[in-house]
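K.L.:
Once you've looked at the hints, go ahead and assemble the two chains, each given alone in its own frame, into the complex.
If you read the protein sequences in the order shown, they are chains A and B.
For what it's worth, the working numbering labels the leading residue of the first sequence as 1, then goes sequentially.
For what it's worth, the working numbering labels the leading residue of the second sequence as 1, then goes sequentially.
Hints are computed from structural coordinates only; laboratory data are not their basis.
A virtual CB, placed ideally from N, CA and C, is assigned to each residue, including glycine.
Check before you lean on any hint, since a few could be wrong.
[As the list claims (entries may be wrong)] Okay, derived cross-link-like pairs now, DSBU-like style, lysine-lysine, Cα gap no bigger than 35 Å in a straight line: (1) A:139 / B:226; (2) B:226 / A:89; (3) A:35 / A:109; (4) A:109 / B:80; (5) A:140 / B:226; (6) A:146 / B:80; (7) A:109 / B:300; (8) B:299 / A:146; (9) A:22 / A:35; (10) A:250 / A:124; (11) A:146 / A:124; (12) B:80 / A:124; (13) A:139 / B:300.
[As the list claims (entries may be wrong)] Sample of chain B residues at the chain A side, in silico, Cβ under 8 Å: (14) 207; (15) 252; (16) 255.
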Amino acid sequence: MSELGSNASTGWTPDQPMVSIKDVYKSFGELEVLKGVSMDIMKGECVCIIGPSGSGKSTLIRCVNALNDIQSGSITVEGQEVNAPGLNKLDLRKKVGMVFQQYNLFPHKTALQNIMMAPLHVLKQDEGEVEERARQLVKKVRLEGKENSYPGELSGGQQQRVAIARSLAMNPDVMLFDEVTAALDPETVKEVLVTIQDLAEEGMTCILVTHEMGFAREVANHIYFTDRGIIVEHGTPATFFDDAKDPRTKEFLSQIL
Amino acid sequence: MTINSASHANNKTQTDLPVLLPIARQSQQSAMIERREGTYRLNMQPRHIAWALVLFALACGAAQAAAQPEMLGPMQALFKWMEFILWGPEGELTGFALNLVISFFAMMLGTVAGAALGLMQVSLLLPVRQGSWVVTQFFRNSPWLVLLFTIMLLVPFEIDLGFVVIPVPDWIKAVIGFSLPVMANISEVVRGAVISLPSGQWESAESLAFTRRQTMWMIILPQCFKRMIPPWINWYCILAMATPLCSIMGVEESVTFTAQALNAEGDRPELIPVFYSFLLVIHFIYTYPIARWSIQLEKKFTVKT
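Chain B extracted, bound-state conformation (with noise of 0.2 Å):
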């Protein structure tokens, strides 16, 4: 032991444990590179992508060694649904499409609310400082499948104004539940931001005889805005990637629809595994390029201040 560490005194590692001196040396090195560059790494490598594809390929090969001569091979049955999955039947907006949409229109509906929340957390004025601190801290600490539930069981099918009736889809209700959550976890990000500007920035305001409105508005949120972006773009993967949990209330987006499609197969079970790689593979190459855009863009703002 004594021997071992003496040999390796010189990498100044934390440990004494020979069997975690490689892992502690490897962890120091990435440690010291994003410390150099100001952020955590996210790299995926050709080898990463080498081991998804031997797994995807066993898993296929499974299937096809399970299935009867007269079915319909693993990729064969995959290539024959993957448009269903993707994007629906023809003329419609389903499937992966779907939780695209729902995605967009999730993350719009709660960057706006999160941010008038976010900007009311900051409020002068006690009572509306607590009032939205309370809405925030409930949504935020609220589990998304169970705003999920409430509000798609809450929100009537179709709403009754006397002159005209309002359908309401089930996606639409999706939306709304959640931009909740969004709203909440945006809500804090705004007013994380605003906190985290020096006290100097409004001191010095203040002494130029800047009104609140003045120095919130020219001052601290253009300042806030790009310490804001890396965050809100984190939020919206993780949104992304919370969609399908529609379809437990049935909403037709990529879940439902490979479900619905497995099942037309008739459930077999080698399938399912190739199915849900599936899924996972388009999952992960639409949220992944935005993660790495959003490590990109936070390393270019933290060089700047």
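Bound-form chain A, shown alone (with noise of 0.2 Å):
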């Protein structure tokens, strides 16, 4: 999984998109959430979607690995048709890694169990093989000494951080990060944002939904701007912070920075 060649069964090549939206509708009911939203991720790109609470950015990355199903358009992962009837949603999910704003994490486990759960009972790898990589993914996050620590007994930024850690246990090709510092403590979110952009350096392929602007402009590739279901602008960041041109873009940004 974690080897980027081709895709033999899908044609799908590391210069296409890795995750490729493509006029995406989705609605709960009557209400419509996302409309004609349409993105490409490169791999290794950092991208962050930003935008008032209520205009779907949560949505639209829920979507991307299939906890949200859509109405029409087309998510693709490395080719893969996410929408499609017969979508092995294990195979997805083995390739897109999730962090929620809650964390989330298994309460009645440790940090190091919360790591190793998937790998060892999901992907069925050696335990030896997987708790040594749990233990580098401990360090990775700046965790040294929490392993055996249950996630009552670490505050919201460390759980936040071994949340991460359980995802890139997976190895995944491309992590979705949902609002993970939105539940913070101001003093904590720094020490999340910090491992992120560690990741993103490495060459992770990242999307963040986010409000911390601060990060978006240093670390992302490309921002995305949502409004009410549709994507209003979108730049690198210099030209998004710098030169926004839609007259919503401006406001919200006259709003938050």
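P.N.:
Right, here's the structure in full:
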């Protein structure tokens, strides 16, 4: 899974978009949340999606790993159609890692066990190897010494970093971050953002829904601004923050910066 | 009125009726303690036991006063029959011991069936979910006594399989009769525990590519288990206290034997309170420590999550 070669069954090669979202419509009952959203994310890119609450940001990235289904349009991950009826969801989720706003660690397992569970039981990998890799991941998210702590004994920022390590343990090709710092104390936000920045700099493909404008400006390759289910404006951080064209973007930025 | 409420304003009690103030203060205090400890209190203090003893002594005294000189005194009569009420004639497991036996087996049966039924209630298959819901609601909302009657009258006293005849003694029927409402309530305990977990647990497991079955057994149920222990013990206590119901059908348990003992003593009315308070006491001695224990467990688990 971790080797990024071409995919024989889908004809995908690394020079094509790793995640491709085309004209996606999604509604919850009467409520239309996404109204024709398209974006391409290349391998190794870090993309931030920003916008007011209720604009469909979280729904969009939840659709990428099929936690939500879509009404029409197409989402592909490494050429594999996410919206196909016969989709092998497990196959998709081995490629796509996700981190949530509320951490969602398993409270009855220690930090290390949280990280080890999926490789052990889903990928059926050897326990010794899994543990060794889990310990490396703990080190990577700077939580040495917390291996045997239960989630309830960790701070929000520490829990969120365990959650990131837990996702990484599956060796995903893409990481989705759904407002991962929104529930954290201001002083712990930074430790989580630094962890994500490290990942992005190592070449992990990252899609973040975030309200952290400073982070978006510094780390993102590309920024999308969504409002009421459509992408209003997008561009590189420089053009987006300093040279926004659309009045809605300008209004949002003036409120938030 | 106004003066009184003003003088108690700093106590933040919710009433300005002077007659209610002491009670309001008291209940507020215990509510504060309960909130701090995360569970309700069930505290028996020495004075409660003292009151119970005083009442018992009064009943005995009244019985003594009413007794003819040639008759057995109430305590003598009670001692004479105590063993009989507790475990029946020698070599049998009857009397109060049978109450415990019935409660154990009914709980075992009810737990196994209830756990299965509860898991069916959270199944993804609509017919399974609906069917188990109907069964659960039916047995949960039927009077225990009616279920008991139905089973005891419906199940034959022996089952003839052609080559072997299996006898079904009354107490086995009682076990089945009691296990039905227990099953339904345990089913609800299981369903309630499963749906009480935050949906994020399901979502993160899903995003880590766990199958539904794996999620259930490795992530959801281990967390539910802790939550289910206190209500499970609670239902055991309720069941243990309900077992005397089967005396109506003549099962040889403690209440049946108490009635027989009273009968043998010539149905002297002054003995009735003494014998039945003895029954209350032994049930209490059995159930109260279990109830205390369940509260301890509840406390332990509230802190953890």
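K.L.:
Take a quick look at whether residue 146 (chain A) and residue 124 (chain A) sit within 35 Å of each other, Cα to Cα.
P.N.:
With Cα atoms ~25 Å apart, residue 146 (chain A) and residue 124 (chain A) stay inside 35 Å; holds.
K.L.:
So, as I understand it, the hint says residue 252 (chain B) touches chain A; can you test that by seeing if any CB pair is closer than 8 Å?
P.N.:
violated (45 Å)
K.L.:
For the pair we were handed, residue 299 (chain B) and residue 146 (chain A), check the Cα-Cα distance against 35 Å.
P.N.:
Given that 35 Å is the threshold and the Cα spacing comes to 26 Å, the pair holds.
K.L.:
Have a go at the residue 207 (chain B) hint: is there a Cβ in chain A nearer than 8 Å to its own Cβ?
P.N.:
Since the shortest Cβ distance to chain A is 4 Å, the answer is holds.
K.L.:
Under the criterion that the straight-line Cα-Cα distance not exceed 35 Å, is the pair residue 139 (chain A), residue 300 (chain B) satisfied?
P.N.:
Answer holds: residue 139 (chain A) to residue 300 (chain B) is near 32 Å, not above 35 Å.
K.L.:
Taking 35 Å as the top limit, are the C-alpha atoms of residue 140 (chain A) and residue 226 (chain B) close enough?
P.N.:
holds (33 Å)
K.L.:
Regarding the pair residue 250 (chain A) and residue 124 (chain A), is the alpha-carbon distance no greater than 35 Å?
P.N.:
violated (50 Å)
K.L.:
Residue 255 (chain B) was flagged as interface toward chain A. Is the shortest Cβ-Cβ separation under 8 Å?
P.N.:
This interface hint is violated because 43 Å lies over the 8 Å limit.
K.L.:
Please work out if residue 139 (chain A) and residue 226 (chain B) have their alpha carbons no farther apart than 35 Å.
P.N.:
Judged against 35 Å, a Cα distance of about 32 Å means the pair holds.
K.L.:
Is the straight-line distance between the alpha-carbon of residue 109 (chain A) and that of residue 300 (chain B) 35 Å or less?
P.N.:
Holds - the C-alpha atoms of residue 300 (chain B) and residue 109 (chain A) are around 17 Å apart, at most 35 Å.
K.L.:
Tell me if the straight-line CA distance from residue 35 (chain A) to residue 109 (chain A) falls inside 35 Å.
P.N.:
violated (40 Å)
K.L.:
Taking 35 Å as the top limit, are the C-alpha atoms of residue 22 (chain A) and residue 35 (chain A) close enough?
P.N.:
Given that 35 Å is the threshold and the Cα spacing comes to 11 Å, the pair holds.
Checked against the numbered hints above, the structure breaks hints 3, 4, 6, 10, 12, 15, 16 and satisfies the rest.
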